[in-house]
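Since chain A is already given, all that's left is putting chains B and C with the ligands on it; use the hints.
These are the residues of each chain, in order.
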Amino acid sequence: MTLSAVPASLRLPPWRALLLRPAGLTGTIIVAIVTVAALAAPLIATHDPIAVDLSRKLLPPGATHWLGTDQTGRDIFSRIVWGARPSLAVGLLAVLIGAAGGIMFGLTAAFARGWWEQVAMRIMDGLASIPLLIWAIAITGIVGIGPVRIGMWTFPNESKLILLIGLLYMPPLARVTYGSALLEVRADYVQARRLQGAGASAIMLGDVLPNCLSPVIVQATLLIAVGIVVEASLSFIGLGVEPPFPSWGGMLADARRYIFSGEWWTYIFPGLAISLTVIGFNLLGDGLRDILDPRKVSGSGRMVV
Amino acid sequence: MFVILGRVLSSLGVLVAVSIVLFTLVHAIPVSPARVVLGGDASEEDIAEFERDNGLDRPVIVQYLSWAGGVMKGDLGRSLIDNTVIAVTISQTLPVTLELVLWSFCLALVIAVPLGVLSAYHEDRWIDHLARVVATLGVSIPTFWLGLMLIAWGAVGLGWFPAGGYVPWSAGAKPHLLSMTLPSVSLGLYYVAIISRMTRSSVGDVLMADHVRVSRAMGLSRGRILIYVLRNALSPVVTVAAMSFGYMFGWALIVEQVFTIPGMSRALLNAIFRRDYLVIVNVVLVITAMFLVANLIADLLYRWLDPRTAR
Amino acid sequence: MALLEVENLGIGFPTGGRIVEVVRGVSFKIEAGESVGLVGESGSGKSQTALAIMRLLREPGRITRGAVRFDGTDLTQADEATMRRLRGGAVSIVFQDALSGLNPVFPVGVQLMDVIAAHRDVTREQARERAVAMLNLVGIRNAEERLGHFPHQFSGGMRQRVLIAMAVACEPKLLIADEPTTALDVTVQAQIVALLRDLRERLGLSLLFITHNLDLMGEICSRAVVLYGGLMMEDSPVETLFTAPSHPYSRALLDCVPRLEDEPGMLRPIEGAAFTLATAEAGCPFAPRCVLADARCGREHPPETGQHPHRIACWWSGS
Ligand SMILES: Nc1ncnc2c1ncn2[C@@H]1O[C@H](COP(=O)(O)OP(=O)(O)OP(=O)(O)O)[C@@H](O)[C@H]1O
Ligand SMILES: [Mg+2]
Numbered sequence: 001m002t003l004s005a006v007p008a009s010l011r012l013p014p015w016r017a018l019l020l021r022p023a024g025l026t027g028t029i030i031v032a033i034v035t036v037a038a039l040a041a042p043l044i045a046t047h048d049p050i051a052v053d054l055s056r057k058l059l060p061p062g063a064t065h066w067l068g069t070d071q072t073g074r075d076i077f078s079r080i081v082w083g084a085r086p087s088l089a090v091g092l093l094a095v096l097i098g099a100a101g102g103i104m105f106g107l108t109a110a111f112a113r114g115w116w117e118q119v120a121m122r123i124m125d126g127l128a129s130i131p132l133l134i135w136a137i138a139i140t141g142i143v144g145i146g147p148v149r150i151g152m153w154t155f156p157n158e159s160k161l162i163l164l165i166g167l168l169y170m171p172p173l174a175r176v177t178y179g180s181a182l183l184e185v186r187a188d189y190v191q192a193r194r195l196q197g198a199g200a201s202a203i204m205l206g207d208v209l210p211n212c213l214s215p216v217i218v219q220a221t222l223l224i225a226v227g228i229v230v231e232a233s234l235s236f237i238g239l240g241v242e243p244p245f246p247s248w249g250g251m252l253a254d255a256r257r258y259i260f261s262g263e264w265w266t267y268i269f270p271g272l273a274i275s276l277t278v279i280g281f282n283l284l285g286d287g288l289r290d291i292l293d294p295r296k297v298s299g300s301g302r303m304v305v
Numbered sequence: 001m002f003v004i005l006g007r008v009l010s011s012l013g014v015l016v017a018v019s020i021v022l023f024t025l026v027h028a029i030p031v032s033p034a035r036v037v038l039g040g041d042a043s044e045e046d047i048a049e050f051e052r053d054n055g056l057d058r059p060v061i062v063q064y065l066s067w068a069g070g071v072m073k074g075d076l077g078r079s080l081i082d083n084t085v086i087a088v089t090i091s092q093t094l095p096v097t098l099e100l101v102l103w104s105f106c107l108a109l110v111i112a113v114p115l116g117v118l119s120a121y122h123e124d125r126w127i128d129h130l131a132r133v134v135a136t137l138g139v140s141i142p143t144f145w146l147g148l149m150l151i152a153w154g155a156v157g158l159g160w161f162p163a164g165g166y167v168p169w170s171a172g173a174k175p176h177l178l179s180m181t182l183p184s185v186s187l188g189l190y191y192v193a194i195i196s197r198m199t200r201s202s203v204g205d206v207l208m209a210d211h212v213r214v215s216r217a218m219g220l221s222r223g224r225i226l227i228y229v230l231r232n233a234l235s236p237v238v239t240v241a242a243m244s245f246g247y248m249f250g251w252a253l254i255v256e257q258v259f260t261i262p263g264m265s266r267a268l269l270n271a272i273f274r275r276d277y278l279v280i281v282n283v284v285l286v287i288t289a290m291f292l293v294a295n296l297i298a299d300l301l302y303r304w305l306d307p308r309t310a311r
Numbered sequence: 001m002a003l004l005e006v007e008n009l010g011i012g013f014p015t016g017g018r019i020v021e022v023v024r025g026v027s028f029k030i031e032a033g034e035s036v037g038l039v040g041e042s043g044s045g046k047s048q049t050a051l052a053i054m055r056l057l058r059e060p061g062r063i064t065r066g067a068v069r070f071d072g073t074d075l076t077q078a079d080e081a082t083m084r085r086l087r088g089g090a091v092s093i094v095f096q097d098a099l100s101g102l103n104p105v106f107p108v109g110v111q112l113m114d115v116i117a118a119h120r121d122v123t124r125e126q127a128r129e130r131a132v133a134m135l136n137l138v139g140i141r142n143a144e145e146r147l148g149h150f151p152h153q154f155s156g157g158m159r160q161r162v163l164i165a166m167a168v169a170c171e172p173k174l175l176i177a178d179e180p181t182t183a184l185d186v187t188v189q190a191q192i193v194a195l196l197r198d199l200r201e202r203l204g205l206s207l208l209f210i211t212h213n214l215d216l217m218g219e220i221c222s223r224a225v226v227l228y229g230g231l232m233m234e235d236s237p238v239e240t241l242f243t244a245p246s247h248p249y250s251r252a253l254l255d256c257v258p259r260l261e262d263e264p265g266m267l268r269p270i271e272g273a274a275f276t277l278a279t280a281e282a283g284c285p286f287a288p289r290c291v292l293a294d295a296r297c298g299r300e301h302p303p304e305t306g307q308h309p310h311r312i313a314c315w316w317s318g319s
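Chains as they are written, first to last, in our numbering: chain A, 1 to 305; chain B, 1 to 311; chain C, 1 to 319.
For reference, chain A alone in the conformation it holds in the complex (with noise of 0.2 Å):
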């Protein structure tokens, strides 16, 4: 209709677009450095996370300690890397169950219509209308900080974090996944598909999944971002991750009285851990939204919490 001419970026293949623009490029590049910190902590990191030296505490950014050092003599830089590990494992494993929940409700719902459409929307609207932040506080005080062991397997504190935000995600990743997958049942293929024959099941996950995956994982990708916060805050109250071993909220628990007293180091290396990952994350949601879903306004539509 227009004569406006595709953009380049349109016609590459999706990972080439992405990392065409400035923001899916930064995006991309900081997730695979916090990714490769946290699966690779014990040959990138320096010094013990959590070996105490109170000859060497609060020591400043230097050669040896590149980060600085902590109130007992730890050295930030390792805790930073080994911090990266229970912050993306909240984010993702969080997001895991969110989706694998999302998605199976919000596919069969807009499979089977009728009742169980009616159903299984309606508790995603109940599960929505749960604040995320004071649940995840409420759950860990009442269930009690302390790992959790279920016959011989012991589990850190957070997977109860991991459990119930998975539990909050599944929600708006229903949604999307409803929505699209609404449009794909009604189109031709999935009715010449069922005139073939094929299972029911079989068009559900072979044929409707794949084509509405792409605003799930936009959403997906925000969301880990949201989950990496939630853990950082609840770690920095003491609920989350316990000390002593390292997480990016419990530094800067530590660290908190030091901005008096002036030992910058130890407050925001830590943050911008934080601050730097999570803008990873949403960069690289939204330029994976520029590119999938380009309709939409970059930065709306996210889930509030």
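There may be inaccurate statements among the hints.
[To be verified] Simulated restraints, written as ranges between beta carbons of each label pair:
hint	chain 1	residue 1	chain 2	residue 2	range
1	B	W160	C	I19	37 to 45 Å
2	B	L158	A	P244	32 to 40 Å
3	B	R308	C	T123	26 to 34 Å
4	B	W126	C	P104	30 to 38 Å
5	B	G223	C	A133	21 to 29 Å
6	C	L292	A	L25	54 to 62 Å
7	A	R186	C	H152	23 to 31 Å
8	C	Q77	B	R125	40 to 48 Å
9	C	A194	B	W126	24 to 32 Å
10	B	V293	A	L43	50 to 58 Å
11	B	W126	A	L43	37 to 45 Å
12	B	D124	A	P61	37 to 45 Å
13	B	L301	C	F242	44 to 52 Å
[What the hints assert, rightly or not] Residues from chain C that keep clear of chain B, each with C-beta distances beyond 10 Å, as calculated:
hint	residue
14	R84
15	D97
16	G101
17	L102
18	A118
19	D121
20	T123
21	R124
22	E129
23	L147
24	H152
25	A167
26	A252
27	L254
28	G306
No lab work stands behind these hints, which were simulated from the structure alone.
Remember, predicted model here, so these are calculated numbers, not experimental data.
Just so it is clear, CB atoms sit at the ideal spot from N, CA and C, and this is done for glycine as well.
Positioned in the frame of chain A, the structure of chains B and C with the ligands alone reads:
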């Protein structure tokens, strides 16, 4: 009318469901509250006696009903630990939290709406790019770190603001407002981001609409057209704003910790670390109720603003 | 002096680093009280021409050359304040999107009164009276009560009537109607055209009537400007056009006017691929589909020949 009634009832329903879930959770924990209060070395008899005194030996459903009956009469029960009246604790702390939330909310609206409108009007100009940067930072910088940085800058560095604490109104308006400034900014920035982006996209959509072209073609003034546009773009913005108001109570707890403000968070965290179950349940319920009311208002405003569903 | 003189008007959109002109030097005139049709296939540049006259082109579109003289002032040079005074005042427009043309969240009365108040120094009461009079004029009954209704409470045809009432509320000298009936069904179309004809006589306004539909144009216009590929092909009195079209494109258009068995008033497609600007070259845009075309037609655009009121741009028009 029926729609409104339905929404009110369903909000109440959610609240009841939530309270049941909380109560069940408390009692699903294998450790008895009595054990927590009396300590690990208390004898079985002491525990049984404590449970009997506090009615903890009754079936959960009975305990729930008696508590719920109390709530109807405004009696939220007493703390198991120090026997304080929970309703009093809440009535002392809730106003502080509410004030913090209100300031942040107003601040967020005052900045976000003009920012969103300007960036929609000047798509792809510097103000739009600036708004996008602000929004990305706003959703990314965690509230509590922003708070710490503001203390480092505004209190320790410049010395303009107190580093924390809550100065009551009675101590003078200026000190009071100064003590609320940094907390409100740190709580508000995230919502500046959320609301400005929503405004931007909503106003942007309306600007593309046929009826705006008609208004321009009929020679209406810019101001009049702005009013036309805003009134159209309002519904989604109002919804997000009202919901934000509800969510702010959660983050307010964190901000109160950063700035040592004696709001609900102190009561809640004390209760959590002392495992004072009944206080936890009640505080969480109060905040959830705030959240539900905000959602309800969002929903009603949305209906009321749209002439197709109004009245 | 004519009421409106469009002279060598060009409209361009920046595309991939250069400006593509979608209207490439179109000229025509409208005398006071005259009613002129602007016809042509979809994409020929009719709406852009209308929007350019009102200076309402959507970003990033802009006027690249030429002049639009209304009552002697060149609108392409006028400042925004002047344009705002003219729009809805002396020059007004009705768009084709009747369903979405009214603001959904304001009562139509407010919208009408706002237009009146923007151009007239009136009290609220006077604006209200005028609004009622206008709704009566366009044939909406219970006007008093209807003022308080929202657009969704009106049918499509009624909404278009309201939009027409808005457009003529301040007694424009020129009304542009851009396919005012396309969004409506056939019986309503006829009513709207009848209304426009009636208004034209009563208010003595000039009309630029943009349409695909030659039948409708014949009913309301005395002269027609035929556009193709952003260029004027022929400008001719309607009778001459219908009985003896000079330009091969006009002839093709008329051949496409339906026989009895077709849906009334609709164009049937002309043979050959429709013109696209992307492949536009220097020659006559119609050359690739024209039965008469030779090498020169494809190479050089023909100059305009003839005098107002009958001008033609075709190498073959003289012979
Ligand atoms: N924003 C734009 N960018 C580039 N080209 C545009 C833009 N808007 C319109 N055009 C082009 O301008 C040309 C003329 O469009 P116009 O809307 O004037 O056609 P029209 O004659 O009114 O057609 P219709 O009968 O379909 O309304 C078309 O080729 C169209 O593709
Ligand atoms: Mg058009």
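Taking the hints in turn, this is what the structure says about them:
Between B:W160 and C:I19 the beta carbons are some 53 Å apart, a value that contradicts the proposed interval 37 to 45 Å. Remark: the range hint 32 to 40 Å for B:L158 to A:P244 is upheld by a beta-carbon distance near 35 Å. Under the hint 26 to 34 Å, the C-beta atoms of B:R308 and C:T123, about 31 Å apart, fit the expected range. Take B:W126 and C:P104: their Cβ atoms lie about 32 Å apart, and the range 30 to 38 Å holds.
At about 27 Å, the beta-carbon gap between B:G223 and C:A133 stays in the expected band of 21 to 29 Å. Taking 54 to 62 Å as the suggested C-beta distance range, the pair C:L292 and A:L25 conforms, at roughly 56 Å. Separation of A:R186 from C:H152 is about 26 Å and conforms to the stated range, judged on CB atoms against 23 to 31 Å. Separated by about 25 Å at the C-beta atoms, C:Q77 and B:R125 break the suggested range of 40 to 48 Å.
Look at C:A194 against B:W126: about 52 Å separates their beta carbons, and that is not inside 24 to 32 Å. Under the hint 50 to 58 Å, the C-beta atoms of B:V293 and A:L43, about 51 Å apart, fit the expected range. Separated by about 43 Å at the C-beta atoms, B:W126 and A:L43 satisfy the suggested range of 37 to 45 Å. Taking 37 to 45 Å as the suggested C-beta distance range, the pair B:D124 and A:P61 conforms, at roughly 40 Å.
A beta carbon spacing of about 58 Å between B:L301 and C:F242 contradicts the range 44 to 52 Å that was offered as a hint. Not every C-beta of chain B lies more than 10 Å from that of C:R84, the closest at about 5 Å, which undercuts listing it as non-interface. Non-interface status of C:D97 relative to chain B is broken: a Cβ of that chain comes within 10 Å, the nearest being about 4 Å off. Annotated as non-interface, C:G101 brings its C-beta within 10 Å of a C-beta of chain B; the closest such distance is 5 Å.
Consistency note on C:L102: stated as away from chain B, yet its beta-carbon is not over 10 Å from all of that chain's, at 6 Å minimum. With a closest Cβ-Cβ approach of about 5 Å to chain B, C:A118 is found to fall inside the 10 Å limit, against its non-interface label. Its beta-carbon lying about 14 Å from the closest one in chain B, C:D121 satisfies the requirement of being farther than 10 Å from that chain. A cut-off of 10 Å between C-beta atoms confirms that C:T123 is not in contact with chain B; the least separation is 17 Å.
No Cβ of chain B approaches the Cβ of C:R124 within 10 Å, the least distance being about 15 Å, so the stated non-interface status holds. Distance check on C:E129: its Cβ is at least 19 Å (rounded) from any Cβ of chain B, clearing the 10 Å threshold; non-interface status holds. The claim that C:L147 lies off the interface holds: its Cβ sits roughly 14 Å from the closest Cβ of chain B, which is beyond the 10 Å cut-off. The beta carbon of C:H152 is not kept farther than 10 Å from every beta carbon of chain B, the shortest such distance being approximately 5 Å.
Once the 10 Å rule is applied to beta carbons, C:A167 is inconsistent with being away from chain B; the minimum gap is 7 Å. Chain B leaves C:A252 outside its interface by the beta-carbon criterion, the shortest separation being 32 Å against a cut-off of 10 Å. No beta-carbon of chain B is positioned within 10 Å of the beta-carbon of C:L254; the least distance is around 32 Å. Against the 10 Å criterion, C:G306 stays outside the reach of chain B, whose nearest CB is about 33 Å from its own CB.
When held up to the earlier numbered hints, the structure conflicts with 1, 8, 9, 13, 14, 15, 16, 17, 18, 24 and 25 and fits the remainder.
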